[in-house]
Amino acid sequence: VHDIGFRVTRNAAGETRFAVIVGGGLGRTPLVGPVIHPELEPRHLLTYTEAILRAYNLAGDRDNMFKARIKILVRDLGPEAFRARVEEEHKRILETNPSLILGDDEINRVKAHFAPPAWRTDLPDDVPDVDDKRYRNWLKHNTVGHKAKGYRVAYISLKGKQADGKTRPPGDVTADEMDAIARLADDHSLGQIVATHTQNLLLPHVEARALPELWRALDALGLANANVGTLQDIICCPGLDYCNLANATSIPIAQKISDRFEDLDHLYDLGDIKLKMSGCINSCGHHHVGNIGILGVDMKGTKAYQILLGGSEEADATIGKWIGPALSADDVVTAIEKIVGLYVEQRHDGEERFLDTVRRIGLKPFAERVYAQ
Amino acid sequence: MPSNRVLTRDGFVNDDAAQQRVRLAPNEDARTVALEGVTLVELALPKMNEGRVYTQARILREERGYKGAIRAVGEVRRDLLFFLFRCGVDQAVLKDPDEEQDAHKALASFSVLYQGAADVAAPLWKRAARGAVH
Chain A
1 VHDIGFRVTR NAAGETRFAV IVGGGLGRTP LVGPVIHPEL EPRHLLTYTE AILRAYNLAG
61 DRDNMFKARI KILVRDLGPE AFRARVEEEH KRILETNPSL ILGDDEINRV KAHFAPPAWR
121 TDLPDDVPDV DDKRYRNWLK HNTVGHKAKG YRVAYISLKG KQADGKTRPP GDVTADEMDA
181 IARLADDHSL GQIVATHTQN LLLPHVEARA LPELWRALDA LGLANANVGT LQDIICCPGL
241 DYCNLANATS IPIAQKISDR FEDLDHLYDL GDIKLKMSGC INSCGHHHVG NIGILGVDMK
301 GTKAYQILLG GSEEADATIG KWIGPALSAD DVVTAIEKIV GLYVEQRHDG EERFLDTVRR
361 IGLKPFAERV YAQ
Chain B
1 MPSNRVLTRD GFVNDDAAQQ RVRLAPNEDA RTVALEGVTL VELALPKMNE GRVYTQARIL
61 REERGYKGAI RAVGEVRRDL LFFLFRCGVD QAVLKDPDEE QDAHKALASF SVLYQGAADV
121 AAPLWKRAAR GAVH
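Residue numbers (this note's numbering), protein chains in the order written: chain A, 1 to 373; chain B, 1 to 134.
Don't take each hint at face value.
Said to hold, decoys possible - Taking lysine-lysine pairs in the DSSO-like style, the calculated list, with each CA pair at most 27 Å apart, reads:
no., chain 1, residue 1, chain 2, residue 2
1, B, K67, A, K91
2, B, K105, A, K91
3, A, K338, A, K364
4, B, K47, B, K126
5, A, K67, A, K111
6, A, K133, A, K166
7, A, K321, A, K300
8, A, K133, A, K256
9, B, K126, A, K67
10, B, K126, A, K111
11, A, K91, A, K166
What the hints contain is simulated information worked out from the structure, not anything from laboratory work. Just so you know, these numbers come straight off a predicted model, no measurement behind them.
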């Protein structure tokens, strides 16, 4: 769903290659881009990118601002014809500007900037237990394995309730909280904090033996809600509260959904559900690729919300589909409840993921449930 | 009224009517245009957000090996000059004569060139690796 995407892969000989995906995008024309090169050599990353841009720049539709996009050109020409143009431009660029070819020297020079930090090698592998269900939940849902022995990766959830009991706008963090997080990163994560596209933070290098201490510190700050990957882990744009482009508020809706699904055991039972929300068609909240997507619209002065189901941002990227007419702010929260209710009834063996159930039974049963009188 | 003053890297000159000129619209192909005897190619910008002129200029310089003058005309604003000149344009007639005064500053917007283009072919990292910049 990007203009240009590179996915790292390996060829049959085990060498690093890049699958090149072009012409995806969200907004008013959501498209999943096709692969136009399955195994690009690393040394051609720049020349091939230049070839894509040149092919687009020469042929892109300039007469309509909304159509002056790579995705529109790729869609109109078809992937094969676009690929042929890119290959043609690439051949020329390799002849006319070979200085853009990346040599091993340059690749290694850049690689050196991404050298792993100096992990300790004397750490015990086991993760300490604390006799507290909240810690165990946090460990299970907010931490993941690390490649180095004795370390784990810990998410800092910016979703759910804050320390003061109010519901946090998804992804918000105050200056005081950030100061505290920075200190924790210094103490427990080799000074590193990573911001994630899911609007959370993560500490990439936490010593497993320090996890109880880290959890207590995060918990005191209201930053240890064990809801990563659950329905409460909503991605949400700023919406009308802050944004000039928005048609509808989005943060208050996300907060209402978050409040409606507060019971952790219920959230864990629902499993992996990605909910993404945007307050206008520009799609900053990536609603098209949410398992559940919500789009805020302005209908003659009234804010209303459309619901999409079945989107995915993973390797099997899929654009979600509308289930029906837009709903009022109050009804949209109830609709989400009905949708997950139907999922719980319909899922196979109690194990099937939400997305897989939607794919299996289709949108119709969900629409019938939501719009039933 | 657009003036006839032509910006070059060395300051303004007057248009020379004796030039053998050809004008390219954005949808015309720089790869096939006849260049024999031509000393001035004019690239027309009907709108300031017209992107194809940059590619046309690079094709003329890098693929065709054209050494004569390339002049941007039409909706040429001061903000565009730096990028036009990087792509091989070496003359421009500004749409608004009021912008002529500071035009030379626009050509020096950035002191370090990161990307390779028609003026400096190698990107910064390649020049740095050769010891050409520090």
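> Hint by hint, which ones does the structure fall short of?
Replying inline: 2, 4, 5, 9, 11
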